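A.B. asks: Residue numbers (my numbering), protein chains in the order written: chain G, 1 to 480; chain V, 1 to 480.
Incorrect hints may appear among the rest.
Identical chains share a label here; the pair holds if one copy fits it or two copies do between them.
[What the hints assert, rightly or not] Below, a list of computed lysine-lysine pairs in the DSSO-like style, where the Cα atoms sit at most 30 Å apart:
hint, residue 1, residue 2
1, Lys187, Lys18
2, Lys18, Lys331
3, Lys331, Lys187
4, Lys187, Lys139
5, Lys215, Lys187
6, Lys139, Lys331
7, Lys139, Lys18
8, Lys367, Lys405
9, Lys215, Lys367
10, Lys367, Lys187
11, Lys139, Lys6
12, Lys215, Lys18
13, Lys6, Lys405
14, Lys139, Lys367
15, Lys405, Lys139
16, Lys215, Lys331
It should be emphasised that the hints constitute simulated quantities derived from the structure, not laboratory data. These numbers were taken from a predicted model, which means no experiment stands behind them.
Chain by chain, the residues:
Protein chains: 2
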Amino acid sequence: MTAQQKVIDAVRARFGPKAALTDADVIAPWLNDWRGRYHGAAAAILQPDSTEAVAAMVTLAGQHGVALVPQGGNTSMVGGATPPEDGSALILSLRRLNRVRRIDAAANLAEVEAGVILADLHDAALAQGRRFPLTLSAKGSATVGGLVSTNAGGTQVLRFGTMRGLVLGLEAVLADGSIHGGLAALKKDNRGYDLNQLLIGAEGTLGVVTAASLKLVAAVHARAVAWIGLASPHAGLELLQRLEAATDTIESFEIIPARSLGAVLRHIPGTRAPLSGDHGWHVLIEAVAVSAEQEAPAQLIERLLGPALESGLAEDATIAANEAQAEAFWKLRESISEAERASGPALQHDISVPVAAMPDFMIDGAKAVETRFPGVSAGAFGHLGDGNVHFHVRAPAGSAADWAKTHSDVISPFVHDLVVAAGGSISAEHGIGQMKRDELARLSSSARMHALAAIKRAFDPRNLLNPGKLVFLAPERADQ
Amino acid sequence: MTAQQKVIDAVRARFGPKAALTDADVIAPWLNDWRGRYHGAAAAILQPDSTEAVAAMVTLAGQHGVALVPQGGNTSMVGGATPPEDGSALILSLRRLNRVRRIDAAANLAEVEAGVILADLHDAALAQGRRFPLTLSAKGSATVGGLVSTNAGGTQVLRFGTMRGLVLGLEAVLADGSIHGGLAALKKDNRGYDLNQLLIGAEGTLGVVTAASLKLVAAVHARAVAWIGLASPHAGLELLQRLEAATDTIESFEIIPARSLGAVLRHIPGTRAPLSGDHGWHVLIEAVAVSAEQEAPAQLIERLLGPALESGLAEDATIAANEAQAEAFWKLRESISEAERASGPALQHDISVPVAAMPDFMIDGAKAVETRFPGVSAGAFGHLGDGNVHFHVRAPAGSAADWAKTHSDVISPFVHDLVVAAGGSISAEHGIGQMKRDELARLSSSARMHALAAIKRAFDPRNLLNPGKLVFLAPERADQ
Numbered sequence: 001m002t003a004q005q006k007v008i009d010a011v012r013a014r015f016g017p018k019a020a021l022t023d024a025d026v027i028a029p030w031l032n033d034w035r036g037r038y039h040g041a042a043a044a045i046l047q048p049d050s051t052e053a054v055a056a057m058v059t060l061a062g063q064h065g066v067a068l069v070p071q072g073g074n075t076s077m078v079g080g081a082t083p084p085e086d087g088s089a090l091i092l093s094l095r096r097l098n099r100v101r102r103i104d105a106a107a108n109l110a111e112v113e114a115g116v117i118l119a120d121l122h123d124a125a126l127a128q129g130r131r132f133p134l135t136l137s138a139k140g141s142a143t144v145g146g147l148v149s150t151n152a153g154g155t156q157v158l159r160f161g162t163m164r165g166l167v168l169g170l171e172a173v174l175a176d177g178s179i180h181g182g183l184a185a186l187k188k189d190n191r192g193y194d195l196n197q198l199l200i201g202a203e204g205t206l207g208v209v210t211a212a213s214l215k216l217v218a219a220v221h222a223r224a225v226a227w228i229g230l231a232s233p234h235a236g237l238e239l240l241q242r243l244e245a246a247t248d249t250i251e252s253f254e255i256i257p258a259r260s261l262g263a264v265l266r267h268i269p270g271t272r273a274p275l276s277g278d279h280g281w282h283v284l285i286e287a288v289a290v291s292a293e294q295e296a297p298a299q300l301i302e303r304l305l306g307p308a309l310e311s312g313l314a315e316d317a318t319i320a321a322n323e324a325q326a327e328a329f330w331k332l333r334e335s336i337s338e339a340e341r342a343s344g345p346a347l348q349h350d351i352s353v354p355v356a357a358m359p360d361f362m363i364d365g366a367k368a369v370e371t372r373f374p375g376v377s378a379g380a381f382g383h384l385g386d387g388n389v390h391f392h393v394r395a396p397a398g399s400a401a402d403w404a405k406t407h408s409d410v411i412s413p414f415v416h417d418l419v420v421a422a423g424g425s426i427s428a429e430h431g432i433g434q435m436k437r438d439e440l441a442r443l444s445s446s447a448r449m450h451a452l453a454a455i456k457r458a459f460d461p462r463n464l465l466n467p468g469k470l471v472f473l474a475p476e477r478a479d480q
Numbered sequence: 001m002t003a004q005q006k007v008i009d010a011v012r013a014r015f016g017p018k019a020a021l022t023d024a025d026v027i028a029p030w031l032n033d034w035r036g037r038y039h040g041a042a043a044a045i046l047q048p049d050s051t052e053a054v055a056a057m058v059t060l061a062g063q064h065g066v067a068l069v070p071q072g073g074n075t076s077m078v079g080g081a082t083p084p085e086d087g088s089a090l091i092l093s094l095r096r097l098n099r100v101r102r103i104d105a106a107a108n109l110a111e112v113e114a115g116v117i118l119a120d121l122h123d124a125a126l127a128q129g130r131r132f133p134l135t136l137s138a139k140g141s142a143t144v145g146g147l148v149s150t151n152a153g154g155t156q157v158l159r160f161g162t163m164r165g166l167v168l169g170l171e172a173v174l175a176d177g178s179i180h181g182g183l184a185a186l187k188k189d190n191r192g193y194d195l196n197q198l199l200i201g202a203e204g205t206l207g208v209v210t211a212a213s214l215k216l217v218a219a220v221h222a223r224a225v226a227w228i229g230l231a232s233p234h235a236g237l238e239l240l241q242r243l244e245a246a247t248d249t250i251e252s253f254e255i256i257p258a259r260s261l262g263a264v265l266r267h268i269p270g271t272r273a274p275l276s277g278d279h280g281w282h283v284l285i286e287a288v289a290v291s292a293e294q295e296a297p298a299q300l301i302e303r304l305l306g307p308a309l310e311s312g313l314a315e316d317a318t319i320a321a322n323e324a325q326a327e328a329f330w331k332l333r334e335s336i337s338e339a340e341r342a343s344g345p346a347l348q349h350d351i352s353v354p355v356a357a358m359p360d361f362m363i364d365g366a367k368a369v370e371t372r373f374p375g376v377s378a379g380a381f382g383h384l385g386d387g388n389v390h391f392h393v394r395a396p397a398g399s400a401a402d403w404a405k406t407h408s409d410v411i412s413p414f415v416h417d418l419v420v421a422a423g424g425s426i427s428a429e430h431g432i433g434q435m436k437r438d439e440l441a442r443l444s445s446s447a448r449m450h451a452l453a454a455i456k457r458a459f460d461p462r463n464l465l466n467p468g469k470l471v472f473l474a475p476e477r478a479d480q
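Only chain G is shown next, with the shape it has when bound in the complex (with noise of 0.2 Å):
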């Protein structure tokens, strides 16, 4: 019998036989990644209801010397809820964990358990007049275990932050079976090193996170969407630092080039530009006012945007007149990466630099890659605001379909060399999981390195928790 068939009789015999899915149709789902670009091999999704559970069988896995795969919604962009192709590991779904345990409106705060769809905990939030600030695009799927493991960022980041400034508490299962109790929700707390922050964004390599402390903030009273034409990513900036000086009200600033809302107004039915004449650059903008006693947003967007239509900076500009107005501004922004897609293939770059930098960034680096690739033509679009955008090299005219695949290797090490001149980051929001690992190894200082695998060899010295994503074990040193 192999070790990880012992594994999943014990989980069998200790906890039902709901506690191990074992049929192959039912797992087939869950061994793919959500971009289709991974497929895995598990024998197994252990799927514990409890803490208690989790700790049960990551302390039978070990006693085994099993892997196992932490998986939330299985909607990780870089692989990095996929199990191993070898078959070694299980999957161990935190799915079941899914109680909303508390909502405290008075405290802002929101006590849930890794399980949790992302939807779900916005209507438990609303329910009570409050607002978890942090969404996107898998917000039907991604689970607050996951989104907590990979410090997930979205559309309001600008305002709120990603997930490392949301989470007041953890709680979470590490790799020798015990429980760390970290989520009283303390605004001070210097007892030493901070392990819910070094859990947040570890892929689930140090710990299983199986429930969160999270803010909350006031529910939306009234939001107003704008759509500003503009000649560059320079103006757009500094439409972003005046309007930050005059309000911490907005939340969103999505830059968007012409070309992009050109492929969108193209592919996607029912688009159509919400301003009549052409810009060469885009920004949609959302503010959002939390009581009637707040000016109202589409009011303070109209008086601080006068300024900037007087003064040139911003050529044209629109609010949404309306929720199906402000829904529709929202579908031109969100439809970009289908609208890419349908125009051919394109590798895509989830990338940040400081904010201050982040103009140049976007034209010199582009022409960067389109000089060394002859043909390719290169763009970015996203989060201005975050100094994060999305960057996208399109295939040659006539490429195969698999461009993509045969040019990664030779296209994104060198647009990963460009993001690490500008002191940026390979991986803004997506985390590293197992398709940015040798690309963080390579482009990291050796102090960097090898503190990651230090940790990782202190945390989960056998490598049995989501092994090879991040980062690889640590070898012993010499002089240990």
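Given chain G's structure and the hints, the job is docking chain V onto it.
C.D. replies: Quick look at chain V alone, frame taken from chain G:
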């Protein structure tokens, strides 16, 4: 020749005689902690003036197996920067690394070296129309490196958070002498475990912070300080929650029991009560505006306090009529420790619990201590808005001057047990250092202590960085 002397000679050979201070008179003040509780010994203070010099000195010390105690302003409240008594370590002073490398007002960013004194950072930011929104009473001595390494808090945490939320990037020298270059202020960066967050609050036990990128905010345009009398800390919490629901401009919310105010009025010359009547509890709040377009803070406070006074939630209130009165209100708050010292011996505890649990803790915790130790009186005051108070246990009348020293071993663990039972932290803002190290070990889960020690061992396997502080080095585990 001792290993320490070899390091001193090597440092001088490479960086000149000033790079290592050995004159006993010069060294003496830096061998004792701020409160005069801990007394160490060291043959020299090493004084690097660049990051590269720090790296070189850490490397040299490592080659000779000599431990280093990083030191900034030496204002630790827990003996965190005092060298060991046996003279085995050298002090590594960061005070010559004191350059403000740049202030980028548009990006709201300051890049400063570890030895920059907090008050100087305030001045440098203000000269560019910006503010570094963290302050504390030791601002004339405390340095950026120490503030980062202790995750400092202070009186503006309510609005701006602790250092953890203000550090945008870090540069540090790790135990092997390698340089971690993490200064780039990226709003989104998911390249694995967050080394910066791990170094924040690590008290110099994992690496030596050499520089930081820090968040700035708009300079203060106007502020208002109000003094409110009320019946209980519960009324204080309700007032806090009402204010927070209505505005985000409240920067401080400090609670003071009648007894503490009484001690100040008795012992601190020139003080007077802001309100004419008697109140069981007092609250000091400060609101700030950053532009003339914002509602004036005094008007805002008046508007928000009106309903609280009408409903009886607040018994009385007054707003400082001018800056001198605002300073006088703050002096009452900041003189409490001095006034209580003048009243007799006491044990201080820097503790936190969840904000919602604080009113009960303030009342019930004090009662529990007074019941268990007849004759003492207990009381708490401080940052109610952060769930962080200073919990004082005062000696019975007529106690000896060394009462605190002779009673801390019994009383402080009792207080800490109460804090843990309330889901709180035995160190809210002062850190662990050597003073709370054993209590941390006693009161933490084995999961937590194993993780802390494993991290220490991963970064500093030979225990050469600030040894004996925060956590003991992890023993090797049998399974490795």
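A.B. asks: With reference to the structure, classify each hint as holding or not holding.
C.D. replies: Here is what the structure says about each hint:
1. For the identical chains of this complex, Lys187 and Lys18 are neighbours neither inside a copy (40 Å) nor across copies (42 Å), given an alpha-carbon limit of 30 Å.
2. Proximity of Lys18 to Lys331 under the C-alpha cut-off of 30 Å is found in neither arrangement, the shortest distances being 40 Å within a copy and 64 Å between copies.
3. With identical chains, the CA atoms of Lys331 and Lys187 are at most 30 Å apart between copies only, with a shortest distance of 25 Å across copies and 37 Å within one.
4. In this assembly of identical chains, the alpha carbons of Lys187 and Lys139 lie at most 30 Å apart whether taken from the same copy (28 Å) or from different copies (22 Å).
5. For the identical chains of this complex, Lys215 and Lys187 are neighbours both inside a copy (11 Å) and across copies (19 Å), given an alpha-carbon limit of 30 Å.
6. For the homomeric pair Lys139 and Lys331, the shortest alpha-carbon distance inside one copy (16 Å) is at most 30 Å, but the shortest distance between copies (50 Å) is not.
7. Taking CA atoms no more than 30 Å apart as the test, Lys139 paired with Lys18 passes inside one copy only; the shortest distance there is 26 Å, against 59 Å between copies.
8. Within a single copy, Lys367 and Lys405 get their C-alpha atoms as close as 22 Å, which meets the 30 Å cut-off; across copies the closest is 69 Å, which misses it.
9. For a Cα distance limit of 30 Å, the shortest separation of Lys215 from Lys367 qualifies neither inside one copy, at 41 Å, nor across copies, at 32 Å.
10. Taking the shortest Cα distances, Lys367 and Lys187 sit within 30 Å of each other only across copies (25 Å), while inside one copy they are farther apart (46 Å).
11. For a Cα distance limit of 30 Å, the shortest separation of Lys139 from Lys6 qualifies neither inside one copy, at 36 Å, nor across copies, at 60 Å.
12. Proximity of Lys215 to Lys18 under the C-alpha cut-off of 30 Å is found in neither arrangement, the shortest distances being 33 Å within a copy and 50 Å between copies.
13. In the homo-oligomer, the alpha carbons of Lys6 and Lys405 never lie at most 30 Å apart, since the shortest distance is 38 Å inside one protomer and 57 Å across protomers.
14. In this assembly of identical chains, Lys139 and Lys367 lie within 30 Å of each other by CA distance neither inside one copy nor across copies; the values are 35 Å within and 48 Å between.
15. Only within a single protomer do Lys405 and Lys139 lie at most 30 Å apart by alpha-carbon distance; the minimum there is 28 Å, versus 56 Å between protomers.
16. Taking CA atoms no more than 30 Å apart as the test, Lys215 paired with Lys331 passes inside one copy only; the shortest distance there is 28 Å, against 33 Å between copies.
This entry does not satisfy hints 1, 2, 9, 11, 12, 13 and 14, going by the numbered hints stated previously.
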